[in-house]
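All chains, full assembly: derive it from the sequences and hints.
As given, the protein sequences belong to chains A and B, one line each in that order.
Sequential numbering from 1 applies to the first sequence in the numbering used here.
Sequential numbering from 1 applies to the second sequence in the numbering used here.
Incorrect hints may have been included.
As the list claims (entries may be wrong) - Label pairs and their in silico Cβ distance ranges:
1) B/Val-310 <-> A/Pro-458: 53 to 61 Å
2) B/Glu-433 <-> A/Pro-458: 28 to 36 Å
3) B/Val-310 <-> A/Glu-286: 15 to 23 Å
4) B/Ser-139 <-> A/Glu-124: 39 to 47 Å
5) B/Glu-433 <-> A/Asp-104: 27 to 35 Å
6) B/Ala-220 <-> A/Glu-399: 44 to 52 Å
Keep in mind the hints are simulated off the structure, nothing from the lab.
Just so it is clear, CB atoms sit at the ideal spot from N, CA and C, and this is done for glycine as well.
2 protein chains.
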Amino acid sequence: MSNIDPALRKLDQALGSGRVLTDPDVLASYAVDESEVPPHLPDAVVRVREAREVADVMRICAEHSVPVTPRAGGTGRTGGAVPLAHGVVIAFEQMNRIKGIEEDDLIAVVEPGVITGAFHSAVEAVGLFYPPDPNSLASCALGGNVAENAGGPRALRYGSTRDYVLGLRVVTADGTELSVGKRTVKGVTGYDLTSLLVGSEGTLAITTEITFKLLPKPQAVVTMLVLLPDLASAGRSVTQVLRAGLLPRCMELLDEATLALVRPLSAVPIPQSAQALLLIELDGDEIALDAQLERAGAAVVAAGASEVLVARHAGERDKLWAARRELSRALRKSARFKLAEDVVVPRSRIPQLIDACRRISEQHKVQMPSYGHAGDGNIHVNFLWSDPSEEAAVHAAIEATFKAVIALGGTLSGEHGIGVLKAPYLPIEQAPELIALQERIKDLFDPKHILNPGKIFPAHVQRFHGAC
Amino acid sequence: MSNIDPALRKLDQALGSGRVLTDPDVLASYAVDESEVPPHLPDAVVRVREAREVADVMRICAEHSVPVTPRAGGTGRTGGAVPLAHGVVIAFEQMNRIKGIEEDDLIAVVEPGVITGAFHSAVEAVGLFYPPDPNSLASCALGGNVAENAGGPRALRYGSTRDYVLGLRVVTADGTELSVGKRTVKGVTGYDLTSLLVGSEGTLAITTEITFKLLPKPQAVVTMLVLLPDLASAGRSVTQVLRAGLLPRCMELLDEATLALVRPLSAVPIPQSAQALLLIELDGDEIALDAQLERAGAAVVAAGASEVLVARHAGERDKLWAARRELSRALRKSARFKLAEDVVVPRSRIPQLIDACRRISEQHKVQMPSYGHAGDGNIHVNFLWSDPSEEAAVHAAIEATFKAVIALGGTLSGEHGIGVLKAPYLPIEQAPELIALQERIKDLFDPKHILNPGKIFPAHVQRFHGAC
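Right, dumping it as structure tokens:
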């Protein structure tokens, strides 16, 4: 099986001395991402500096049938960057240049290693706006955002990463460099391979350059924190705000269980009577926001809100967001083990989803606090447990949750991808014919299955099952 | 070659008597679309009523290797609905139900035969908004919009059809019914086959149901008509408006040659001194539009505008649009033959494109008036001639234009698709490896090449070249 040694020798020759890293400490740091997938050591790591090197690595690995796992920020939540089949990790942290921001054309060209938050700052400095804002934006990188089609709270109004990718430079499984897509917003020449590659989790090709569409930066942002007596009134608030003709940049929900956790950490007092919380953020022209705030306020009060706080300036807005920002950490501290599933349902079904979660939680005796992007129906359902013996119950609860989600017209993942962790559940959502069709597309792009093996498809993940 | 007779007998049995139409008049009406592709008679037409019938037709045609051409409104501009290889046309005009508009979830589920304009009316009646607005919206249908990824003026702010397609029900080349995509805005489960199928011009699968994302309807719309002394100031106006942080729903440009044509038809006087015209439309909250108008007005005046007219109400706005609306017809009347190419360049390059067109026009002695969606760089370059002997010069001018477009970082088609007419030029834009990869995807979805044969790929079109 192991063609790794001759491959590494060839890589050494092609890239130059010291570029193929095999130091155990280095390998260990590329064995995990931010998911619960156990560590898998790569055989080698190459920190690429330009597209040609990616092509060299890919060509040599293809010749020797050595698996390749691309990695940008390594912040994925489903195991996408874990080198399940070992082999070579192509690491993009040194390919992190913003090659250009073309203000008149509202586009930017970047390398995959650019940190998302740094990109936000760079485009905002020239009055432009890149909306996708995954929670990990301080450490995740744009190449990973493209691989996973990352979202974030602002997806409600602005969509996810795919909506901003105009074109890609990629290296295919055999080492060919290819440009797909365009540099213009419109363009219908041929099949949309760009959209196919975005969200393909590194299993079809490796991105070496991204051309993003940008928007003018909104003039102003206001944040509303809404306290509600129960979840039903929170659900009504979401629909009433949209029915008022408003499209907020985000509407974030905290349920009763998550509120209980963050109540002590919140910068604003959250009374015991509040059993649900919404954070609603509106952006646009300063002059329009007052009227919009009024309409949004009226909508949530009519839906049953007991208290509405408004903040217009950055410092104040941060105070309202503090509870939401602490959530993931607070949840992690509250139990020894935690799994988070970022399911999506049509937004009108959120109350039914939360009801279903409550039933599942009681039935399987697993704590399941939920929060997330209520505006677009993307709820992060958390599973908390403290004793390894509870694991079977947790997995039964997860499967029951996924089944409830699909029954409500939803989907398994809003932004985390399938990776390793969700692959076993893919058949709950997708028909066998659809999975087979996608596997044939995988075979077409990567006939030797050397590109990020063991991801997305149940049969592919199972091949490494013993190890994960 | 001809398996058509046994196939038609089986279709008759499967669908019932009188459903497989072979009357010569009927066949003739399905032999063309609104492109310049010469008529190609199908052998039979089936006006399908439900998805199961599409699956039956496809299954039987696959068994007998009979080509199938799907057709919605038949308004395509590049020959997508012309049955180049004869065979069976699946016509969708009777599958035209709006199955549901789910207001709280901001989605609609429709059949492919729904007329785009009727869909606009239906969603706007409940306060919602479906932005794509191809010029043919009174007669084109949503299935065709999906097949071609149709755009329209509003694409500047709102994007094209693909940006609104959440999920599809399709029938594949072997007659399998398949659901792809989702009913929610977010969703990253598996590869994005939905985006791959949108814009694939009926060559990969046949759509039988579309789930669209909708938006809240903007409160108000205002239209500005801007007269400019020259094209350079029009180009500056476009960039200055965007630099002012505005994102209009559209910015439409008329060049000197098109202005000369429509001057006599315009409902507002256009002085001879005006050598370029921009129509800028802003939408949003009533209260914000006044301030936006002021900023847009200041931007175009600074860029050199000589006159700015503003209209807020439907009747007045129609007056400003009259000249733009008459354009296509006026152009058609001004010469015996006309070809229109909907090229796209990065918007900052529009002046360079128009300059290039002027040089090409002089060199090849072909009239080339240009107009279009300046905001997103999508310019309709027209080629007018009156004598068949000029055809070679016209084709040389078209090829030179495409080469100029690609050199400026643009793309061959913004919204019309490749179809038959643009296929010969595909290699100007795309590398051989990229075309080959797309052909392999076509082979994977449609191994017998029975789905809309002779479209997109030069080698596929050439097979029918004698006939077209």
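Status of each hint after checking the structure:
| no. | hint | in the structure |
| --- | --- | --- |
| 1 | B/Val-310 <-> A/Pro-458: 53 to 61 Å | holds, 59 Å |
| 2 | B/Glu-433 <-> A/Pro-458: 28 to 36 Å | holds, 31 Å |
| 3 | B/Val-310 <-> A/Glu-286: 15 to 23 Å | holds, 22 Å |
| 4 | B/Ser-139 <-> A/Glu-124: 39 to 47 Å | holds, 44 Å |
| 5 | B/Glu-433 <-> A/Asp-104: 27 to 35 Å | holds, 31 Å |
| 6 | B/Ala-220 <-> A/Glu-399: 44 to 52 Å | holds, 49 Å |
Of the numbered hints stated above, none is contradicted by the structure.
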